[in-house]
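J.: Input sequences plus hints: build the corresponding full structure.
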Amino acid sequence: MNDDAPNIICNELTKYYGSTRGIEGLNLEVGHGEIFGFLGPNGAGKTTTIRMLMGMLKPTKGSAHVLGMDAWREATSIKMNVGHIPGDVRLYENMHVHDLLDYIDDFRPGPDRLRNELVERLDLDVDKKVKSLSRGNRQKAAIILAMMFDPEILILDEPTLGLDPLMQQEFYTILGEFRDRGHTVFLSSHILTEVERSCDRIGIVKDGRLVDVRAIEDFRQNKIRHMDVVFSEHVETGEFKRLPQVVSAKRLDSHMRITVKGDIDSLIKQISVHKVEDLTFTQPSLEDFFLSFYGQSGDKNES
Amino acid sequence: MDSRETKMNLNILRRSIADRRLSILVYAIGVAAYAVLILAIWPSLRENVSTLNQLWESYPEGIRKAFGGENFTFATFDGFLSVEYFNQMWVIVMTAFSISIATGAIALEIERGTMELLLAQPVSRRALLLTRHFFFELGLLFLIGATLIPIAIGSPLVSGDINYMGLLALAVPAFLFFTAIGSFTFFFSVLFNSRGTAIFVSLGIIIISYALDILAKINDTISNVHFLSIFFYWDPYRYLHNLSFAWGDIIVLIAITLISTAAAVYRFERRDIAV
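Residue numbers (this note's numbering), protein chains in the order written: chain A, 75 to 377; chain B, 825 to 1099.
No lab work stands behind these hints, which were simulated from the structure alone.
Fair warning: this is a prediction, and the values are worked out from it, not measured in the lab.
Heads up, a few of these hints could be off.
Said to hold, decoys possible - Looking from chain B toward chain A, a few residues come up when the C-beta cut is under 10 Å (computed): (1) Asn835; (2) Ile836; (3) Arg838; (4) Arg888; (5) Met939; (6) Leu943; (7) Gln945; (8) Arg1091; (9) Arg1095; (10) Asp1096; (11) Ile1097.
Heads up, the beta-carbon is just placed ideally off N, CA and C, and yes, glycines get one too.
T.: Next comes the structure, spelled out in structure tokens:
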């Protein structure tokens, strides 16, 4: 494989389940040393795409290549260097965790370079039986199974499901180290903050179609946020509406809700002119996000 | 083609043995214990052979053909073994084992979602299926041994007039017969996402096949389709008593195994894996 070639290439990748659409006409490239977030609501086609990349599903049309190999026809060879966390983690219930790690480790030659380190960092008790693990600990086990052999590519479907915030943070740190070693991560999520804090680029999928791909910086600059401010004095909304980044400003009971898109510096300066009792940011929902970027239908031209 | 595509996977074989060793041991103890039970009751029954044979002769010819076969007699230990074990309980236990292993190999993994974990590793679907099939065959050999060895050791102790060549002549078609049953069950295991459905269809075919075997022996009008039943190719009295098996039967059983396994591999390599 050419070293400069993208690690993941989807070319008109399409999957239909009978007459039901999974994903349609997906064209995408993910390069070396990149964490790519695949963002979209439930049912958008994220898991279908990931299953085709993993050779679980045969494309109806088009192709997917991973590490230069066809994801369906050369699935076995690809998996020597690919780690995977499925969206719905299912493990062998009657095995001890350490036996499960041994079993999966034995599929690949060489030492499991990161196993002990990951077990320690994710604080997983490997002497327990799988069936006694909590949802979060099952997810930790799945993370270790996918990453312990330090694969060139990680393909992860909603990888932080069930993890507490501390473990999520540790997981993102591990992902960052992974990227810093030049490896590639393809990560699906329906949680905006998850992709924002961990990804270099994001692809936005809606109703089975990729509607946009953009760098995370560009994403941040155009992200919509709600700011709820309680002033000590009466303040008119008009002075905020005049600011170019402010989308709207409304008075709601005791506080003012200001919706801002992109840079918040000028807004913060304007707020600080007044005496402020309280200020909170609300993270936008995925629906807010689609509304701000593409209009309700997901069509960029409508915004 | 990469060697990982076709070679059996020792890791999966070791795991399969570790996972199923207890249940295989239970099956083995069961078939061995039943063999010992049959041996134990033979001395008392032998003293009443003439009564048993009179009772047997009083049955309608169709029933005698269905459950005994041509020239069958209770007067011999092999005849007694054939009717009381190898045509009844043993067939049920070995069929249950075959269906259990074959449906557990693929359909159960798909149903439980663990197939996704397994196929995320560098093992081909073909290698996975063939390894599980090989494990099933190893299990069959173990159970056949667990059945025949106690009979071989115990029959002289109870004055059972068994011929060791007869036991060998039974072992070969027995292995092939249950391998054939397991092989078409593997096909249904690959075809369905649910183990229950795979069991239902496989067991349904076996029951229909058994019914056809019985009816074809009783009713001459359907005897010309008797060959459609897999039990047409299973005749333990002949193996034990005549010390031989029909090569035609052997070829049919091997053909069922090869065709079913090839169809299972073909389908498994092309199907979507979705939880």
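J.: Now, for every hint given, state plainly whether the structure supports it.
T.: The hints, checked one at a time:
1. Asn835: 4 Å, holds
2. Ile836: 9 Å, holds
3. Arg838: At 8 Å from the nearest chain A Cβ, Arg838 (chain B) passes the 10 Å test, so the hint holds.
4. Arg888: 48 Å, violated
5. Met939: For Met939 (chain B), the interface hint holds, since the closest Cβ of chain A sits about 9 Å away, which is under 10 Å.
6. Leu943: 6 Å, holds
7. Gln945: Gln945 (chain B) check passes; min Cβ-Cβ to chain A is 4 Å, inside 10 Å.
8. Arg1091: Violated - the Cβ of Arg1091 (chain B) stays beyond 10 Å from chain A, reaching only about 12 Å at its closest.
9. Arg1095: Where the cut-off is 10 Å and the nearest Cβ of chain A is about 8 Å from Arg1095 (chain B), the hint holds.
10. Asp1096: Holds, because the Cβ-Cβ distance from Asp1096 (chain B) to chain A comes to roughly 5 Å (cut-off 10 Å).
11. Ile1097: 4 Å, holds
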